[in-house]
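Colleague: Next come the chains, spelled out residue by residue.
Protein chains: 2
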Amino acid sequence: MNQLFLVSSGPGDLDLIPPLALKAISAATDIVAYGLYIDLLGSLVEGKTQHSRELGQEIDRARLALDLAASGKTTALISSGDIGIYAMASVVFELIDRQVQGDESHPEWLDVEIEVVPGISAMQAASSSVGALLGHDFCTISLSDLLTPWETITKRVHSAGQGDFVVSFYNPVSVKRNWQLDHARDILLQYRPGSSPVVLGRNLTRLDETVRVLTLDTLSAEDVDMFTLVCIGNSESRVIHRDRNIRVYTPRGYSKKL
Amino acid sequence: MNQLFLVSSGPGDLDLIPPLALKAISAATDIVAYGLYIDLLGSLVEGKTQHSRELGQEIDRARLALDLAASGKTTALISSGDIGIYAMASVVFELIDRQVQGDESHPEWLDVEIEVVPGISAMQAASSSVGALLGHDFCTISLSDLLTPWETITKRVHSAGQGDFVVSFYNPVSVKRNWQLDHARDILLQYRPGSSPVVLGRNLTRLDETVRVLTLDTLSAEDVDMFTLVCIGNSESRVIHRDRNIRVYTPRGYSKKL
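Sequence order for the protein chains is S and U. Counting from 991, one number per residue, gives the positions in the first sequence under the numbering used here. Counting from 991, one number per residue, gives the positions in the second sequence under the numbering used here.
Possibly wrong hints are sitting among the right ones.
Note: identical chains are not told apart, hence a pair may lie in one copy or across any two.
In silico DSSO-like pairs for lysine-lysine, Cα to Cα no more than 30 Å straight-line [unchecked claim]:
{"hint": "1", "residue 1": "LYS1145", "residue 2": "LYS1166"}
{"hint": "2", "residue 1": "LYS1013", "residue 2": "LYS1063"}
{"hint": "3", "residue 1": "LYS1063", "residue 2": "LYS1246"}
{"hint": "4", "residue 1": "LYS1246", "residue 2": "LYS1145"}
{"hint": "5", "residue 1": "LYS1038", "residue 2": "LYS1013"}
{"hint": "6", "residue 1": "LYS1246", "residue 2": "LYS1166"}
{"hint": "7", "residue 1": "LYS1063", "residue 2": "LYS1038"}
For the record, the hints were derived by calculation from the structure and aren't laboratory data.
Generate coordinates for the entire structure from the input sequences, incorporating the hints supplied.
Modeller: See below:
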C-alpha cells in the first residue's frame, strides 16, 4: 500500500516529538518539509531523500508529497507544531477532496493510505512555559488574511471577546503584514480589561526561546514577529509574581469551592 | 531543589507520549494520578510510589503533589491529554496563587520548582483520526457546570456559533449530567447547518477506540459518554466519502487559489 504520513514535529525541542512521529519518519524514504524544519530535525532525517520547499509553497508541498507516495515511495510530510493545526494536513485533504470531486486529474492519489500523527502545537508550548494559560475555554485564530477574508477574521475576534475565551493568535504578523495584530488587540480591549495577561512565545522550546509576559493594553505588533505565538488570557487569567518567576494561569474555579 | 513535574500523558497510546514526559516520570520517585491513568501507564511507573486518587478529587491530588514535592520527593503529577487543558496544571497554580495571596498556610509550596510538560489533547487525537477537522480556527468549551455557571457556558457556545469556530466539547456529559450537550447542539444549530460534520471520538488511540462521524442535527447526548470527545466542524468543514474510508477536514481555503 502506498503510504503518506502527515507528521507533526512539535514546537522545536526534539524531546517533544512522540515516538509515533519518529516511527513514521523512520519508515519513510522521502521527506517533504519547509527547509528550516528539516534542519531542526537533524539526524532524524539523515539518509532520506529530502525535498525541501520554502514557506508559502504549501500547495506545492502537498502535491509533491501525494505524488511521491502515489509513486510507491513511503513519504513523510512534516510540519512543525501539530500538522493538523494551521498546517499541512488540511491542504492535503483539500487536494484529495478536489480529486474526489473531479477537479484534479490524479486518481493515483486516492490509492495513497494517509496517516496523520498529531503533535504539540505552539499554544501548548506557550501555555506550559508560563504555567497554565490555556487552563479554561480557549480559541485559536489565524490573523493571516491571505486565505481568509479580514471581515471573517474580525468577526471571530469579536466572538472570542464576547465569549471571553483565552485567545491564541497564530500567524500574528508576517514580513508584509503587521497591522492586523493591533486591530485584533483593539477589538479584544472592547471586551476584556487592558490588564489581561499576554504571553509572547518566540522560538518556543528551542535554544533561543524567549517568553515575555505583558498586558493586553501594551501589546504591539512591533514586538512580534512571524516566529511568535501570541496568547491572551481571558478576564479571569491571573499572573503570579514571585521573585524572578512569573507564572500565568487561567483558573477553572476550584478555589471558589475552598 | 524540590521538584514537581506536571506531566501530560496524552490521549492513551503510549507512543504519543513525548520523551520529555518520560524523562520527567523517570526522574520522579512519587507519582500522583487518577487510578485509571496509572493503570494505562503500566511499566512506565513501576517501582515508584503511586498515589492514586479518584476523579473528582482534583484539589486533593494537587495538594498531595505539592506536599510531596515540598517534602523533598521528586514528584510527577500526571493527567491524560494535555495537563494544561482542562486538567490539573491550572489547579496547582490556583493553589500556589492562594498561598501567595495568604489564603493557604503552606509557605513550603513556594520552594517547589514546577515544570509543566505539554502533551497531545483529545481534540488533536480526534481531528487526526479523521483527517484535519481542526484545520482552521477552533475553540474548546467544557460543558461541565460544576465550576462554571451554565450561563457562562451558553454564552460561549453562542460565541462559538457566531464566530463559526470548529468546536470541541470537553466533559460533554457525566453520569449525573447529560442534558447540556443537547442544549449546546441546539444553540450551534442557530448558526451553522444541520449537515455540519461531527466527530465522536471515544477512548481515542486506545485499543478500544471508536470514532463515529455524524451530522450536527443527529447529535444526541444518548450517544456520548464521559470518555467521548465531541468535535463539531464549522460551516465549511467537509466530509470525503470514499469506500469505507471517511475523512473529515476543515479547509483553510487553498483550493480557492487553484
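Colleague: All the hints need checking, so say for each whether the structure fits it.
Modeller: Right, here's what the structure says about each hint:
no. : hint              : in the structure
1   : LYS1145 / LYS1166 : within (22 Å within a copy, 36 Å between copies)
2   : LYS1013 / LYS1063 : within (16 Å within a copy, 34 Å between copies)
3   : LYS1063 / LYS1246 : between (57 Å within a copy, 29 Å between copies)
4   : LYS1246 / LYS1145 : between (33 Å within a copy, 21 Å between copies)
5   : LYS1038 / LYS1013 : both (14 Å within a copy, 28 Å between copies)
6   : LYS1246 / LYS1166 : between (46 Å within a copy, 21 Å between copies)
7   : LYS1063 / LYS1038 : within (11 Å within a copy, 44 Å between copies)
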